[in-house]
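Enquirer: Letter by letter, the chains look like this.
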Amino acid sequence: MKIKHILITSLLGLCASGAAAETISVKITNLTQGLYFTPLLVAAHSESAHLFEVGSEASEQLQAMAEGGDISGLATLASSVGAVSSENPAGGLLTPGASTMVMDWDTGSNDRLSIVAMLLPTNDGFVGLDSWTIPSEAGTYTIMLNGYDAGTEANNELVVEGSGAPGMLGIPANPGGNSGSDGTGVTTEEGNSTVHIHRGTLGDAMESGGTSDLNSSIHRWLNPVAKVVITVQ
Amino acid sequence: MKLKRIALLTAAISTLSFLTACGGDDDDDTQPTPEPTMEPTAEPMRSFTIELKNTTNAQPLAPAGILVHEAGSSAWSIGSAASAGLEVLAESGSPADFVAEQSALAAVSGTEVLVPGQSVSFDVDVAESSSMSLTLASMLVNTNDAFTGVSDWDIADLAMGESKQVSAHIYDAGTEANSETAATIPGPAAGGEGFNAARDDVDFVAMHPGVVTQDDGLSSSALTEAHRFNNGAVLIRVTRTH
Numbered sequence: 000m001k002i003k004h005i006l007i008t009s010l011l012g013l014c015a016s017g018a019a020a021e022t023i024s025v026k027i028t029n030l031t032q033g034l035y036f037t038p039l040l041v042a043a044h045s046e047s048a049h050l051f052e053v054g055s056e057a058s059e060q061l062q063a064m065a066e067g068g069d070i071s072g073l074a075t076l077a078s079s080v081g082a083v084s085s086e087n088p089a090g091g092l093l094t095p096g097a098s099t100m101v102m103d104w105d106t107g108s109n110d111r112l113s114i115v116a117m118l119l120p121t122n123d124g125f126v127g128l129d130s131w132t133i134p135s136e137a138g139t140y141t142i143m144l145n146g147y148d149a150g151t152e153a154n155n156e157l158v159v160e161g162s163g164a165p166g167m168l169g170i171p172a173n174p175g176g177n178s179g180s181d182g183t184g185v186t187t188e189e190g191n192s193t194v195h196i197h198r199g200t201l202g203d204a205m206e207s208g209g210t211s212d213l214n215s216s217i218h219r220w221l222n223p224v225a226k227v228v229i230t231v232q
Numbered sequence: 000m001k002l003k004r005i006a007l008l009t010a011a012i013s014t015l016s017f018l019t020a021c022g023g024d025d026d027d028d029t030q031p032t033p034e035p036t037m038e039p040t041a042e043p044m045r046s047f048t049i050e051l052k053n054t055t056n057a058q059p060l061a062p063a064g065i066l067v068h069e070a071g072s073s074a075w076s077i078g079s080a081a082s083a084g085l086e087v088l089a090e091s092g093s094p095a096d097f098v099a100e101q102s103a104l105a106a107v108s109g110t111e112v113l114v115p116g117q118s119v120s121f122d123v124d125v126a127e128s129s130s131m132s133l134t135l136a137s138m139l140v141n142t143n144d145a146f147t148g149v150s151d152w153d154i155a156d157l158a159m160g161e162s163k164q165v166s167a168h169i170y171d172a173g174t175e176a177n178s179e180t181a182a183t184i185p186g187p188a189a190g191g192e193g194f195n196a197a198r199d200d201v202d203f204v205a206m207h208p209g210v211v212t213q214d215d216g217l218s219s220s221a222l223t224e225a226h227r228f229n230n231g232a233v234l235i236r237v238t239r240t241h
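Sequences listed follow chains P and V, in order. Per numbering that gives the first Met the number 0, the first sequence starts with residue 0, numbered consecutively. Per numbering that gives the first Met the number 0, the second sequence starts with residue 0, numbered consecutively.
Next up, chain P with everything else stripped away, as it sits in the complex (with noise of 0.2 Å):
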């Protein structure tokens, strides 16, 4: 460790201007009870970049992933910002209560860190870490992080196969398979179109018909969803 950190000192008194490479562990756990966590994206990336900003309307590539669980588009634009990014560490859903680890992960010189998956069951819910930065140095970090609304889809929480794709309004799965069915649809309206804090599901306790298809018993979560612990080597 010493070692180390004598070599990273020297190095940047080679090289005063350039940001340390780091090394780092990121372990993310999903806090909940009754979310799935869709494939995530683990971003290491530059002062400037951002996968989502509260306040700010989601890009294509955002919505993409909070309505269908889809992250090609975000990876894309990251890579093209040269980021590093981790796809789906957790090789598919996080399930409630899970852990995933990227391991030894070089990040190079970038020291933000952002995350994103889509909670399901929601219209457009995701679990998002928006630039943290990297400590320079070693240790042990816990951070914890909220659901979002993309702000790009009326909540009206029917499930609707085949909804994912942007646009289409829907849940478009809930892998628990514990909801109900024929909904009326809690809202048609999405006030807020910015990225927002999600207000969380209403749900109702009828199997069949009521305004929601899920279960407010099951369904709903109070902030934080996903615990993060960064390790920096």
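Among the clues, some could well be false.
Coverage of chain V stretches by chain P, computed from C-beta distances (three or more under 8 Å per stretch; other residues unrestricted) [claimed, not checked]:
hint, stretch
1, 169-183
2, 198-205
3, 209-219
To be clear, the hints were calculated from the coordinates, so they are not data collected in a lab. All C-beta atoms in this analysis are idealised placements derived from N, C-alpha and C, irrespective of residue type, glycine included.
Using the hints provided, position chain V relative to the given structure of chain P.
Expert: Relative to the frame of chain P, chain V by itself:
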């Protein structure tokens, strides 16, 4: 720190010598005072005051189970099944089994329910140890199996007089479905059953999703809008006093 320990040790040894001398005076001289075969040692101690404040609107907190232990053991973890003691604590409010099943340097069980807005404090003496963590759990009594607290929270770095505090999250033990019916909630809002050994929920601990209540469409719920909560059920403040 080292100087202080030596000072304390010296003081303790002086006290012991004094007591031995006194005892000698009372002997009837026919029995020689036995020579001590070992040097008396004074165990260095740390003392903490643990203050709890109920920060909910209408969720009384059951008597807390409090453990100071060596770092590295968690009384619960996200995604894993609750222990038997934690199940009892989260469903009935009783901390006894939870405290009994953990190995600890010091353990305390509360005796009173802590009502919203009120505070309570506990003084805990702990023998010196290379690491020291606090684990604390308490049920939100107007729920099926919600509890709040901290697990394996490092308190070893507290210097004398120093404090640290945390606003604790609310967890769901995952051992009882959140039906919210009067028959299944032991708190004053319902007066129903506490512990039931059947596990009819997901059977892993995670963050609590909140209560729905009868005012938000769950007609079978014994709870009202007043029983809803958000994260931050108890403010835990630990102060090192010795």
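Enquirer: Kindly indicate which numbered hints from before are broken by the structure, ordering the numbers from low to high.
Expert: none
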